[in-house]
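J.: One letter stands for each residue in the lines below.
Number of protein chains: 2
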Amino acid sequence: MSDKTLCINVARLQSRLQCLGEVGALDGGGVSRLALTDADKKGRDLVVSWMQDLGLDISIDAIGNVIATLKGEQELPCIMMGSHIDTVSTGGLFDGNLGVLAGLEVIETLIDNNITPTTPVSVGFFTNEEGSRFAPDMMGSAVLSQVLSLQTALQTQGIDGAKVEDELKRIGYNGSAEFTNIKQDVACFIELHVEQGPVLDEQQIDIGVVEGVQGISWQEFHLTGISNHAGTTPMQYRQDAGLVASKVSVFVNELASLMAPNQLATVGALTLKPNLINVIPNEALFTVDLRNPNESELQKAELALQEFIHEQAKQHGLKVEQKILARFQPVHFNPKLVDRIETLAKQNTFSTKRLFSGAGHDAQMFAPHCPTAMIFVPSYKGISHNINEYTHPDQVTNGANLLLQTVVDFIS
Amino acid sequence: MSDKTLCINVARLQSRLQCLGEVGALDGGGVSRLALTDADKKGRDLVVSWMQDLGLDISIDAIGNVIATLKGEQELPCIMMGSHIDTVSTGGLFDGNLGVLAGLEVIETLIDNNITPTTPVSVGFFTNEEGSRFAPDMMGSAVLSQVLSLQTALQTQGIDGAKVEDELKRIGYNGSAEFTNIKQDVACFIELHVEQGPVLDEQQIDIGVVEGVQGISWQEFHLTGISNHAGTTPMQYRQDAGLVASKVSVFVNELASLMAPNQLATVGALTLKPNLINVIPNEALFTVDLRNPNESELQKAELALQEFIHEQAKQHGLKVEQKILARFQPVHFNPKLVDRIETLAKQNTFSTKRLFSGAGHDAQMFAPHCPTAMIFVPSYKGISHNINEYTHPDQVTNGANLLLQTVVDFIS
Numbered sequence: 091m092s093d094k095t096l097c098i099n100v101a102r103l104q105s106r107l108q109c110l111g112e113v114g115a116l117d118g119g120g121v122s123r124l125a126l127t128d129a130d131k132k133g134r135d136l137v138v139s140w141m142q143d144l145g146l147d148i149s150i151d152a153i154g155n156v157i158a159t160l161k162g163e164q165e166l167p168c169i170m171m172g173s174h175i176d177t178v179s180t181g182g183l184f185d186g187n188l189g190v191l192a193g194l195e196v197i198e199t200l201i202d203n204n205i206t207p208t209t210p211v212s213v214g215f216f217t218n219e220e221g222s223r224f225a226p227d228m229m230g231s232a233v234l235s236q237v238l239s240l241q242t243a244l245q246t247q248g249i250d251g252a253k254v255e256d257e258l259k260r261i262g263y264n265g266s267a268e269f270t271n272i273k274q275d276v277a278c279f280i281e282l283h284v285e286q287g288p289v290l291d292e293q294q295i296d297i298g299v300v301e302g303v304q305g306i307s308w309q310e311f312h313l314t315g316i317s318n319h320a321g322t323t324p325m326q327y328r329q330d331a332g333l334v335a336s337k338v339s340v341f342v343n344e345l346a347s348l349m350a351p352n353q354l355a356t357v358g359a360l361t362l363k364p365n366l367i368n369v370i371p372n373e374a375l376f377t378v379d380l381r382n383p384n385e386s387e388l389q390k391a392e393l394a395l396q397e398f399i400h401e402q403a404k405q406h407g408l409k410v411e412q413k414i415l416a417r418f419q420p421v422h423f424n425p426k427l428v429d430r431i432e433t434l435a436k437q438n439t440f441s442t443k444r445l446f447s448g449a450g451h452d453a454q455m456f457a458p459h460c461p462t463a464m465i466f467v468p469s470y471k472g473i474s475h476n477i478n479e480y481t482h483p484d485q486v487t488n489g490a491n492l493l494l495q496t497v498v499d500f501i502s
Numbered sequence: 091m092s093d094k095t096l097c098i099n100v101a102r103l104q105s106r107l108q109c110l111g112e113v114g115a116l117d118g119g120g121v122s123r124l125a126l127t128d129a130d131k132k133g134r135d136l137v138v139s140w141m142q143d144l145g146l147d148i149s150i151d152a153i154g155n156v157i158a159t160l161k162g163e164q165e166l167p168c169i170m171m172g173s174h175i176d177t178v179s180t181g182g183l184f185d186g187n188l189g190v191l192a193g194l195e196v197i198e199t200l201i202d203n204n205i206t207p208t209t210p211v212s213v214g215f216f217t218n219e220e221g222s223r224f225a226p227d228m229m230g231s232a233v234l235s236q237v238l239s240l241q242t243a244l245q246t247q248g249i250d251g252a253k254v255e256d257e258l259k260r261i262g263y264n265g266s267a268e269f270t271n272i273k274q275d276v277a278c279f280i281e282l283h284v285e286q287g288p289v290l291d292e293q294q295i296d297i298g299v300v301e302g303v304q305g306i307s308w309q310e311f312h313l314t315g316i317s318n319h320a321g322t323t324p325m326q327y328r329q330d331a332g333l334v335a336s337k338v339s340v341f342v343n344e345l346a347s348l349m350a351p352n353q354l355a356t357v358g359a360l361t362l363k364p365n366l367i368n369v370i371p372n373e374a375l376f377t378v379d380l381r382n383p384n385e386s387e388l389q390k391a392e393l394a395l396q397e398f399i400h401e402q403a404k405q406h407g408l409k410v411e412q413k414i415l416a417r418f419q420p421v422h423f424n425p426k427l428v429d430r431i432e433t434l435a436k437q438n439t440f441s442t443k444r445l446f447s448g449a450g451h452d453a454q455m456f457a458p459h460c461p462t463a464m465i466f467v468p469s470y471k472g473i474s475h476n477i478n479e480y481t482h483p484d485q486v487t488n489g490a491n492l493l494l495q496t497v498v499d500f501i502s
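Note that the protein sequences, when read in sequence, are chains A and B. Following this note's numbering from start to finish, the first sequence increments by one per residue and tops out at 502. Following this note's numbering from start to finish, the second sequence increments by one per residue and tops out at 502.
It should be emphasised that the hints constitute simulated quantities derived from the structure, not laboratory data. Careful, some of the hints might be misleading.
Copies of the same chain look alike in the list, so a pair counts if it fits in one copy or across any two.
What the hints assert, rightly or not - Simulated crosslink set (SDA-like; lysine to any residue; CA at most 20 Å straight-line):
#1 409 <-> 397
#2 404 <-> 340
#3 363 <-> 310
#4 413 <-> 365
#5 409 <-> 348
#6 259 <-> 163
#7 259 <-> 396
#8 404 <-> 316
#9 132 <-> 222
Turn these sequences into a full structure, and let the hints guide you.
T.: So this is what it looks like as structure tokens:
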């Protein structure tokens, strides 16, 4: 970068990442700050204290989203950055936290350089992005996006029986600020995040230019056949639910190959009954996770699966019950914003790759309402939701500087 | 049958089957008499009382096998019938019990007709054939066959923590009779049993002429890959243990088709870890049950499985651990005895089918030491180890009369 280009303070950002990582730290590394627990409260308090130190305007809404804003010259819609600081129970130091702390670092860099932006610049962290304690995930941003009602969110019961409303009150984050109206109040939203996949690391690429979020189709299938003696039942008399479940697993894998490279297919959960060595399984309960950045391709995969499973069930005399567990259409980020990020990255001589996010992110809740984009930095070996999650300080620096430049682009 | 042909007393046999079925009866039908429990003791006492009523010599050995003998004209090796009266926890009224009570009925028919056989005729029931409470199964006949030592058998601990030796003492069946020396004391062994499979019922055949018992190969495989995010990990970077387990399940099924009709293959148990919808499984633990009446064919199947799994593991970057859980060579019954049973069945105008037993039976413990054969009668829909196990009275009668005629053949 030229001397005139603004740069973030690497040491300060790294120190904050480490400092936040000490809240809810786990033996052996990593962190556990499930949403709205005591650990989450401590993490929130720490980040809010840093926001306060910078003299930012802090708003906390009724679902506990926290947004800190540096005033602009004009009362215009803001440039918003942000992500989340809750983690899974065996989380790393970067997932979510990087997007929030890099956003804070961008604002502090503006302040350090005595820059008053033309428009307000905000950084937010949104409640319960992970969904590990309370379903659904992306709860806080989903309420902002009005795809989830505040009442439904507040009444949600967690895996430990606790209710969102009670837990928000208990930790003191049941705020009274008005909800951000994304359409009216946000000029654009940019989220920096670790990739959580192996592509950038494997291909040694500095920056992932995220074009959108893959569509997700989660289905659960329950096949019922007849359990029988594995030694006395000839193959042609069997109604083996386990075999057909396995055939489906192999089929969707082949389907992904046929529809490469965009189609993903995973049978992650599979349970047989009675699950005994010498009894033909009469029940198989399993999930199929299909993802594709292209909605019509995703529908094509769903249809192929549907046809295959019903043809197989008929052939093997099985009953099929199926349930849609989740279905999200692909999200496409703002093409101009995506192009601009790519251009800025190249000006920095960062190597780049355009890709779709395989995981869900708060940014996808903003995308329908305002120009939105994401920047990915590599995850070592693609490891995430794991105490060994790691992104090298140079890669963190690259991502944060690119975030800074993207924001500066808007305000100067 | 001609007027001169001996016939069993159908009503008496049916009544005893029902009467024994009331000991340990379950709601909705069926019976639970796990080996050496109070229910087993009551069942044993009842059958022994019937043996006593007939004035038979009763011997109980140190593993609790009970053998009742009708004296012959000569002190020659005996013709022995028998099976077991212990059941699985949700057993039916016929599995095992039929072979014992039909044997008793054969002896009573001889007595009713004032026939003193040339050689002694015995009927036995052997301890813990099912193996549901104490492993291994076929325990009593295995001790007779000297494939299991008495000491090992007595020290066996059950699923409830009880020890065979203590339980035998507790129920009063730790006998002091000398062990039957099969080679010296038994001229031939014949076991009548329900098929426990669907073939005879499906094909409406009266009698299964059993040529032997299939060889059994039980293996457990533990595949280890790497768990990763189902949405962020491209297909080519995956080390999916669940997928390879499914491929093996499909492969062994195809192998059975290629080696039809004798080869059977079942993946009955399969567990994935972490077993979550959106995580690529890093562990798969599963079993493969291969059976074939031909040892070299069974070895061929084992080898094909071995090659497939290692090739797949290599391709997908998985670690394979494998364990042999059981391995029995096929058992071949005495060809002359098998032929004779078939001839007698045909003389009765019974429809017959030669087949191999898919399940293990006490008879296979006798086969290495004396001429041995089995007679199968149909099981309704092949249902067994189930409270709905059922064989029609006419089929029971056919089987018991054929058993009677086979015995009469030897003694007259």
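J.: Within a copy, between copies, both or neither: which one fits residue 404 and residue 340 at a CA-CA cutoff of 20 Å?
T.: both (18 Å within a copy, 17 Å between copies)
J.: At most 20 Å between CA atoms: does that hold for residue 259 and residue 163 within a copy, between copies, both, or neither?
T.: neither (35 Å within a copy, 94 Å between copies)
J.: Classify it for me, residue 363 with residue 310: is the Cα-Cα distance of at most 20 Å met within a copy, between copies, both or neither?
T.: both (16 Å within a copy, 17 Å between copies)
J.: At 20 Å max between alpha carbons, let me know whether residue 132 reaches residue 222 within a copy, between copies, both or neither.
T.: Close inside one copy (18 Å), not across copies (54 Å); limit 20 Å.
J.: How would you label the pair residue 409, residue 397 (within, between, both, or neither) given a Cα cut-off of 20 Å?
T.: For residue 409 and residue 397, the Cα distance is within 20 Å only inside one copy (14 Å; across copies 34 Å).
J.: Given a CA cutoff of 20 Å, do residue 409 and residue 348 count as a within-copy pair, a between-copy pair, both, or neither?
T.: So residue 409 and residue 348 fail the 20 Å test inside a copy (28 Å) and across (27 Å) alike.
J.: Have a look at residue 404 and residue 316 and pick one of within, between, both or neither, based on CA distance no larger than 20 Å.
T.: Answer is within: at 14 Å inside a copy they meet the 20 Å cutoff, but 34 Å across does not.
J.: Classify it for me, residue 413 with residue 365: is the Cα-Cα distance of at most 20 Å met within a copy, between copies, both or neither?
T.: between (22 Å within a copy, 18 Å between copies)
J.: For residue 259 and residue 396, with the copy left unspecified, which applies at a CA distance of at most 20 Å: within, between, both, or neither?
T.: Cα proximity of residue 259 and residue 396: none, with 45 Å in one copy and 59 Å across.
Hints 5, 6, 7 from the earlier list are contradicted by this structure; the remaining hints agree with it.
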